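*Asks:* Each chain is listed here by its residues.
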Amino acid sequence: MRPGGRRYRTVIAVLAALLLTSVLIAIAAGSVQISPGTTVRLVAWKLGLAERPDVPVSTEVILFQLRLPRVVLAVVVGLALAIAGTLFQGLFRNPLADPAIVGVSSGAALGAIAVIIAGGGSLLGGLGVSLAAFVGGMVTAFFVYRIARVGPAVNVATLLLAGIAVAAVISAVMSVVMSFAGEEIRSIYFWLLGGLSARGWTAVEVVGPLILLGTAGAVLLIRDLNLVSLGEERAAQLGVDVDRFKWQAVALGALLAGAAVSVSGVIGFVGLMTPHVMRLIVGSDHRRLLPAVLLAGPTFLVLADLVSRVAIAPQELPLGAVTALVGGPFFLFLLRRERERGSARA
Amino acid sequence: MPEPILSLQDITCGYGASTVLHGVSLQVAGGEVVGLVGPNGSGKTTLVRVASRALRPAGGTVRVGGLDTYALPAREAARLVAVVPQDLAPAFSFSVLEMVLMGRTPYLSSFGRGGDEDWARTRAAMVATGVQHLADRSVDELSGGERRRVVLAQALAQDAPLMLLDEPTTHLDVRHVLDVLAIVRRLAEREGAAVLAIHHDLNVAAATCDRLVALHRGEVVATGSPEEVVTADLLRGIYGVEADVTTDVSTGRPSVRLAVPSEPVAPLGRRAHVVGGAGRGARIIRMLAEAGYDVSVGVLHASDTDANAAERLNLLRVSVPPFSHVDAEAEDAVRPLMREADLLVVCDAPFGPGNVANLRLALEAAEAGVTTLLLEQVPIGERDFTGGEATALWSQLRRRARSVGTYEEVALEFR
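Protein chains in written order, with the working numbering: chain V, 1 to 346; chain H, 1001 to 1415.
For the record, the hints were derived by calculation from the structure and aren't laboratory data. Watch out, some of these pointers could steer you wrong.
[As the list claims (entries may be wrong)] Per label pair, the in silico range of CB-to-CB distance:
| no. | chain 1 | residue 1 | chain 2 | residue 2 | range |
| --- | --- | --- | --- | --- | --- |
| 1 | H | N1040 | V | R6 | 48 to 54 Å |
| 2 | H | D1087 | V | A16 | 36 to 42 Å |
| 3 | H | D1087 | V | R6 | 55 to 61 Å |
Bear in mind that the values here come from a model prediction, so they are computed numbers and not experimental data. Glycine is no exception: its CB is placed at the ideal position from the N, C-alpha and C atoms.
Chain V with its partners taken away, still in its complex shape (with noise of 0.2 Å):
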């Protein structure tokens, strides 16, 4: 639509490009390495494309049983995180927010580790927890949402700060919780921090259409996004249903961060600087930036999940800390930086 647009379609093929290497580096590495050929040559094997490649079968299994689930699972989560971040800032009209903020991580944090403490932990071969992951995130967000609306209209700024009180007194509970727990506190634990070990392929069939079906929605409100940025009240004038954009984003963006934080745990900072990054290389129209979005979370995550794996092989770090111990001090460093371009421009 923007004339002059051959700048940003070459930031979207780098962008997708990074996603494939990355992808294929993660299935790389590993105890047993699997090299990029092998790995195509299997997937199209698999795909009926091809003969299949002589590797050894201990190859394939692992291929398809371990790295390949796990890389597509992060693939799932981190667009889903993405995208969420991606609303919720348009939504508040808010660089900062995150999918957190209308309590969904709390919320599906305290949902999940109700059901570990009761010991319901291999429940439905352990998607319980994932259900009751992804219902303590809607109730929550619902919850937080009538409590900011006010006849047909919802004030964003009450959403904001009900969602954050939501979280702090779900933390309290939380903790309180935990006070009981004995030896599951190490699951639980690593279920607080986030992580993606041993999901197989179940995690992705479940959550998987949930967050196509969000991305989806996402791809249908993007003139709203637009119009939104301009202040509620102007993009009413200009024929947005307002009011009607303020819960679909919200439920799309719970449906998401619910969906993904059920089978990864609570991740923090992808959210936030996925649509913060982009927009610094694309700009803030939504047209442009949900596309880069969509392939830059699923390569952040993808390439988190890696150093999670290998940093300090046989043992895993959470992935949450991980995002965070490399996401946080360079959304720092960008922080710094626009601020000091802001007062040299000024």
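Mind docking chain H on chain V? Use the hints.
*Replies:* Same frame as chain V, now just chain H:
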């Protein structure tokens, strides 16, 4: 009157417990530019928000093109009403082209890139507001004036029969004020749009609107042509200011000049009488009043600038109808004012057969011993329209009075 495009009936509206509008009714017809004036807090912005579908009134009806906009979906309402807010501060930056294209939102589907019509309207709006050369620039790089024009272009692109503007000219320099008002005027004249604009500047409102509506404390206190609405009485009533309202010579519209409020002065207990005319006395009158003199003036022609100045200060004054001669009655009225004054100031006004009597009366007073000042910035020869009579009287006066050439000298004489 044809069916109005905007019709507000008995609008009552408020925020929380406080009621801001008390039964306001207002109509704007197609092709008409109506100005909304009134002091801060009079309810202007609230009324425009009600008309723009942003604030549902507690009572009364809002109709645009005969339809209740509050009952319509946002999208359809945006095809009827375009709003130009005071300013926009987008949280994220867009290019000028993107901003203006957003005005086409009510006509586009979720994914529509805009048809020929949309692009044509967008381009026309950018040309009309003179921002087409900025198309690819980012909005946050623009000056305040440029950004205001982009917002105006956005509203024009909406192609709605009703345009609402909230102080479209504040913070703009003179040139941009004129540009914006010309654009709005063209919109009404060529497209037949109804325009309702909040104006802070009464002169701008009077000069550019067909009709004015004055709000005060949430009620309409005056409505009509600028001449009917912008009057000294109205300004005193709703703004609590004293102002000169004259007719602007170039537009024929009322023009407001505010009197700078002066510190109340302790009365001197002395009275000065001023003989002026054609504005030559206005400044002296004010100086005397500010020095604490009790001032009387005359004889003046009614509606003369000096007469207006005296009226504004609520001074004792003797006047005769415009173009008439000072008659015996006026002479009798003014004679004691001159005779008993502590100070008589004769200004360098033009003197003709109509008012030359003033000089004769002043001479009598001066000869009777009244302290007299003659202001002589303009030589008597240039303002004698009596064929010599005024010049003769003036030179006789000069022998009895002190001549001063500047206002500073006059001021010294007051002490």
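*Asks:* Decide, hint by hint, whether the structure agrees.
*Replies:* Against the structure, the hints come out as follows:
Here the CB-CB span from N1040 of chain H to R6 of chain V is close to 51 Å, well matched to the stated 48 to 54 Å. Checking the proposed 36 to 42 Å range against D1087 of chain H and A16 of chain V shows it holds: the Cβ atoms sit about 39 Å from each other. A C-beta distance of roughly 33 Å is found between D1087 of chain H and R6 of chain V, which places it outside the suggested range of 55 to 61 Å.
Hint check: a violation occurs at hint 3 only; the rest are consistent with the structure.
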